[in-house]
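Protein chains in written order, with our numbering: chain A, 1 to 223; chain B, 1001 to 1078.
Bear in mind the hints are in silico, worked out from the structure with no lab data behind them.
There could be a bad hint or two in this list.
[Claimed, not checked] Restraint ranges, calculated between C-beta atoms of paired labels, are given here:
(1) A/N47 to B/S1037: 19 to 27 Å
(2) A/Q196 to B/H1051: 40 to 48 Å
(3) A/A163 to B/R1063: 33 to 41 Å
(4) A/T14 to B/H1055: 32 to 40 Å
(5) A/E43 to B/G1058: 38 to 46 Å
(6) B/A1057 to A/S35: 35 to 43 Å
Predicted, not measured: the structure shown is a model, and the values here were computed from it.
Backbone N, C-alpha and C fix where the C-beta goes; we use that ideal spot for every residue, glycine too.
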Amino acid sequence: MQFRLSDPAPLLRTQPDWHAAAQWLIDGCAHLSTSAQRVELLERLCNALGDALYPALLGVLCAVGERGTRQAQQAVAGALLEGLCSGRVPSGGRPAWGASSLRPEAPGTRRLGPVEYLCAWYAQPADAAPPSAPAFDRALRSLLGLVSSAEPARMLYCDRLRAAADDPLSGTLARGTRDALRRLAEAWDSDGTNPQVPVDAFFQALHGSGLQGLRQWQPARLR
Amino acid sequence: MSSLNPLHAGGFRVDSLSPASDAAAAAARAGDADAASWLAAGADGASGSLHVSAHDAGLTLDRIEREFLAALCADPAR
């Protein structure tokens, strides 16, 4: 079964089976025999879910980042690495900075990989209500931990984030978001062992304080 | 088969709504709020550790895609 553009958009279950979805993703990344198949798997899942359900794919990746064994994380991170190397990272559409629509066909829509999508969603919300600061903190730590399980993936992803931070012309990311992404990449590049460090660097660049500072000064954002 | 997410029960997707409809816009906002909750739902909804399963010779790209979508979506075949 392969997704076709003519297919109607899928509908999320009221109670999705996140564990099963994460398990299928892990096993696909671990057992499909070729790099091309693994990259295609990630692309197919992205296309089939569509932009509206892309955050659900992030939820599955976060599950692997939090609950996956080292071997399971490395299988998924390895597939992401293969996507990075071939320029086919599983991506979701985000409206350009200042645009107000998440319609995928809208001219202001750009496609972002998991980490930069999550950061843009939090830092510059458009139509979609952003995650709270603690939810963002947890999700970003999960994603960074997942990617860091494969050292080459971490290094390549840092390059990708720096490239996004240095690209003002795409119009996707506001200057503050790009600055924060650059700080995240620098901190993550320096140390891949503790995801909290780059997450705090992002918070610090964006808000002038880490999550603990936000707890003290911006309680409304933490709900 | 589990029931549909009520926010999607009309068969539309959030990003295709017409801004001309207040009701549709309200539904879109509610759906967007849901999306943020999916980030934690993935990890909270996974029970126990996630391991690499024993190799299954019958594992194909099509099957993995189908099973993955069946786990998350109400009707992946549509």
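Do the Cβ positions of A/E43 and B/G1058 conform to the proposed distance bound of 38 to 46 Å?
-> violated (22 Å)
Is the distance from the Cβ of A/A163 to the Cβ of B/R1063 consistent with 33 to 41 Å?
-> holds (35 Å)
Holds or violated: 32 to 40 Å for the Cβ distance of A/T14 and B/H1055?
-> Holds, at about 33 Å.
Falls inside 40 to 48 Å, the C-beta gap from A/Q196 to B/H1051?
-> Given about 25 Å between the Cβ atoms, the range is violated.
Distance restraint hint 19 to 27 Å, applied to the beta-carbon atoms of A/N47 and B/S1037 = holds (23 Å)
Take a look at whether the Cβ-Cβ distance between B/A1057 and A/S35 falls inside 35 to 43 Å.
-> Hint violated: Cβ distance 19 Å, outside 35 to 43 Å.
Violated hints, in rising order: 2, 5, 6; the structure is consistent with all others.
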